[in-house]
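Spelled out from the first residue to the last, the chains are:
2 protein chains.
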Amino acid sequence: MKGLWLENKQLQLRTDLPTPEPPTGEALVRVLQAGVCNTDLELLRGYYPYSGILGHEFVGVVEQGPKELLHHRVVGEINAACGKCYFCRKGQPTHCENRTVLGIVNRNGAFANYLSLPIENLHLVPESVTTDAATFTEPLAAALEIQQQVAVDSDKRVLVIGDGKLGQLVAQTLAITGCELLAVGRHREKLANLEAQGIKTGFADAVINRTFDISVECTGNPEGFAIALQALRPRGTLVLKSTYAGKLTIDASSIVVDEITVIGSRCGPFPAALQLLAQGKVEVEGLIQARYPLSEGLRAFDHAQRRGVLKVLLEMN
Amino acid sequence: MKGLWLENKQLQLRTDLPTPEPPTGEALVRVLQAGVCNTDLELLRGYYPYSGILGHEFVGVVEQGPKELLHHRVVGEINAACGKCYFCRKGQPTHCENRTVLGIVNRNGAFANYLSLPIENLHLVPESVTTDAATFTEPLAAALEIQQQVAVDSDKRVLVIGDGKLGQLVAQTLAITGCELLAVGRHREKLANLEAQGIKTGFADAVINRTFDISVECTGNPEGFAIALQALRPRGTLVLKSTYAGKLTIDASSIVVDEITVIGSRCGPFPAALQLLAQGKVEVEGLIQARYPLSEGLRAFDHAQRRGVLKVLLEMN
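Chains as they are written, first to last, in this note's numbering: chain A, -2 to 314; chain B, -2 to 314.
Not one of these hints is a red herring.
Identical chains blur together in the list; that is why a pair holds if it fits in one copy or across any two.
Derived BS3-like pairs: lysine-lysine, alpha-carbon spacing no greater than 25 angstroms straight-line: (1) K278 to K197; (2) K278 to K153; (3) K87 to K153; (4) K244 to K6; (5) K153 to K81; (6) K153 to K197.
Honestly, the hints are just simulated from the structure, not real lab data.
This is chain A alone, in the form it adopts within the complex:
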């Protein structure tokens, strides 16, 4: 089969990859479409060691698996857990100590014709959800993880920093809570996308320091972190949603003096994300900026790496 193979910071389109043979408990999924995520770009830059097929945001059709999934469209949670370790027993499989992660850690990913994932990781895509929309399930779930960790309601003043792919989804999911929301970024047209959905936006200078209860950092750069920290009231909460290339230098004394909580946030609940998509409560299709067939996967990556680009999709057939 074809696939985008990463090795030594080099991505190559290979046509000689074996179709996966799912072990017991896993299903074979024919990939329909997949999205390029910032994590893919970071893996390509070598921030984490990984060799194999890239990709973890996908929609596919089950070709081998249990009857209730067979020939249906599915999306898949990316952490394949052992089921036995401390975290699995505690009901936190996304933190399984022995986990493999689709296209990220020791498990071939979704930028290929086929992938294999544990059956329990797969979720049926509701009929009413388009394949385009369903491709956003994984990052949308990651955005929803914030609300699993921090109570967000209409009494809260919330700031989202970053108008990229993740920031857009985070802002939309937070808007649904009725909180007093401001989303800031650097790109007029991306902010306009949020404004069109009734979300208040601005550039960084729109942030009044020390007035927010919650700030969500979606830029992955130190400037974003500094804005997020300064924006908070004492006892406020800073949600770190982006991973950071290398180290981050922070003003730790202000965290102590103002008793700030900083919380890291990663993968989230797929069922809730699919439900939001089915209800039409988030607008994701406007985030798609380009589509490439898998055979032009390297061009797709070039495109995705340009500054300010939102979602680039790969189509497998």
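Let chain A serve as the given structure and place chain B on it in line with the hints.
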């Protein structure tokens, strides 16, 4: 009156200071004894701008004030709040936007014969608590703040990093919860002090990474922070108890991937601290390493600045 006056990173013993004249709502306190804290040393190094009398850990006797306090020993909360701002109305006076802070922000401190504080800040010292022990009320309250912010119980594995003054109090207060506790530091004799109270201790190499639910950083240095972060299980909580001179460089990606919570922790509940002292549940007098009269205050500071020194007290009479 006499007092230790800080100005332009210079500490001087002055004998020409006016005795405070408490405004309405404040009491005049004759200071009996005061403790030198790391924050005092940081103020002296110029980490925060402050000019005035230093000192915020004290025991005194009320000489002008309401009948129920008059001629009694008191300790005092250090944040003098406005009572009107957002945080005061929210019941969080330690975060008052207009606060002055005894010996730290715009309010003369305790290294003097007299001080003035709002009456509501003062707490009677129980008869059974010695003046030596009561001098530790403020840092002990700060140690107890951790338990106001994070649930600590016998199911939790907890690491305290730092065997200095604050680390010792933090470890002792956490031990009372019955949690599975390890305290690490660099000083054999200080760790022995904790061992004598039944607390398991070790050097940094005793820490097994990724096995603790909670870690408490009491060193104020980047190495301590790194140990605290690496020690945590996914979804663990790192309590930042020390302020940091300058910036701190951290591995933010591990905070995101492991969904770690970092929480800053500052001033805590005085009544709970006084109760622990009255019940004899913490051993503080062993932390006293030297006593100086106020007239030898500069020597006291020289002593307190030596590496590895625990509590240095100033006696005012």
